[in-house]
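The primary structure of each chain is shown beneath.
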Amino acid sequence: MADQTTVLADVRRGMIPAHVYNDREIFELEKERVFSRAWVFVGHESEIAQPGDYVVRRVLEDSFILTRDEQGEVRAHFNMCLHRGMQVCRAEVGNASHFRCPYHGWSYRNDGRIVGLPFHKDAYGGEAGFQRKGQRLLPAPSLATYNGMIFLSMDPDAPPLEEFLGDFRFYLDYYTKQSASGIELRGPQRWRVKANWKIGAENFAGDMYHTPQTHTSVVEIGLFREPKAEKRKDGATYWAGAGGGTTYKLPDGDLDERLRYVGYPQEMVDRMKEQFTDDQLKVIGDDGFMISAASIYPNLSFVHNWPRVGESDDVLPFISIRQWQPISEDETEVLSWFAVDAEAPEEFKALSYKAYLMCFGSTGMFEQDDVENWVSLTNTAAGSMARRLLLNSRMGILEDDEPVVPPLGPDAFHGPGEARTGYSEHNQRALLNRWADDLEKPPVQAATLTVGGPGAGAQDAAGRTSPSANDAELPGGAVAQA
Amino acid sequence: MSTDLPQAPPSAAVTAITDPHPVPAGNPTGDDAQTLSEQSVLGRHASRVQRVGASLPFDDPRHLQAHHWLVDEAWLLDAQAYEDWLELITEDVHYLMPVRVTTALGAGYDTARGMAHFDEDKYSLSRRVARFLTEHAWTEDPPSRLRHHLSNVRTFATDDADHLVVESATLLFRNRGDVREGSFISAGREDLLRLVDGHWKLARRVILVDDSVMRMQNLAIFL
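The listed protein sequences derive, respectively, from chains A and B. So in our numbering the end of the first sequence lands on 482, straight run, no missing numbers. So in our numbering the end of the second sequence lands on 223, straight run, no missing numbers.
Hints are computed from structural coordinates only; laboratory data are not their basis.
Computed from the model, here is a short list of chain A residues facing chain B with C-beta under 10 Å: (1) Lys194; (2) Thr216; (3) Trp337; (4) Gln368; (5) Asn373; (6) Val375.
The structure displayed is predicted, hence computed values, not measured ones. By construction, the Cβ of each residue, glycine as well, lies at the ideal position given by its N, Cα and C atoms.
Using the sequences and the accompanying hints, generate a full structural model.
In structure tokens, the structure reads:
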């Protein structure tokens, strides 16, 4: 594999070798060093609300059954039968107390424990030949939740999720905790685009600069009143912990007026005032900034916008959570969910969903033009000329690396991290710097596991990620409540 | 002659669109919902007129009119003549394309709960059309080459002489640029056509796409 030292050094000074958006060797490194350790979003607890509910989600090529067991515990089982490696669950959503492998009929409870092994005595000589007791589907190496959002890491020694997210949690709450009940997640719509996964993550992290150009049409048709050029640069971008995002500057008004301006009914405003911290409320009420797009490294993004959804001038806010799931260096599967506060009035939920469909997702009028650009970019990045071109990603800093605009002081922006108004690529650089850090680190050494091997059952040398049935011996088996 | 032909019973896949449908738990529209249009989040306003009986003979004038309507519509959609297309649509239209999901055979549902690709009324369709008419809808500039291949058309009477239910299969081929591979969408459709001032108009459409994961970069198209 080629030495990427120069590539990473260029990225760190804000000069992006264009080929990183379509390069097989880079993609292999990303698989080995980014997605082998990062916390990756796989779903929300509301998608598996009842015991037995499951969805099947992937991290790269690895399929996991995300399920709520009969005790109400959220679990992620590697979707491979311990016997011959068949995919155990071939539906993508459903409710089941057990999963039975269609190949030879091994079956597992929804907590992962094996319960059925046909002809155990005849074929294996019973427990003496194969210890059925203690066997279970392989749990995800690490699993944790924040505000009901379920994340999985392929690294059994991943730092705690809260530590990984860091101060971005402050902003994540705006999207996922508008009331004590949190969000309901619906979807996802899934579709594949011939674009590199990093482009969407960078765009949502901080690209306010594209809005006036790319999304001209949605302003022209009266769908969205905000993204005029002069408006967008008055917003702030922030980076905190594992992520960063963009905001819009709201018109003058107090907290209630500003939340109603984007379309929240007073009862939802009241719940936010109970739920959010003083500083979270001050970002809106005192500082006048409303969250819009955001990304958590590596590949999870958010958007919060407030379009018109009917003939009246009223606007309705919506939230979408989306994942840029890497398929290859030039293909990404987009998973786009609609999120809404669980306590919101039903009428609000319906209109917010309508706002989502009109703006984002597979049919969304914002998203349509974004994807067109990203596909073109990826296609153009494949050739040899792209290897000669360093894209300038230094917007917002001068030649001596001093910022064009100083960060906002604590009185002007009450959120954590570093925030500033105006167009810049600080956040895109922050995202790619983390990426460069990961690409530089040696890969995670994963332990191998033996199923029913002589003596040990299914244990690795360190006893980690063991498919033992005993929860106490199962780090990562049950959800750690972060 | 065709009137003597035996009528094929509706297949399971086709009846799934309109016939009573198990309502998944968590369905936001309530317990009474039966059809996909009723189960959808935004279909409350939609007409509930349903088919009656077996499909009409192929030489029945109602079938000929419905088939003619669909062929004319396909040519409008290929040409992206979307303003003309909107003229063919009633004010109370419900235009629905559920998200298909892979579920176990006995699950009783194969569409996502509370989520669709399209769940549209006349207003939202008109905004989509208006956007294509701006000079800044980049995803269709340069425009795609589109071909809606239409087949398997059959028509059903309803209790109301001014309404017909028409089913069809559509295969959309979309190609962009010069060397990019084209992409396909295969779908079954069930339409409710209504006679308005002597012209058939689309009052309800349910599109059952055959992909769970769409293989098209966006749905800046209509089916």
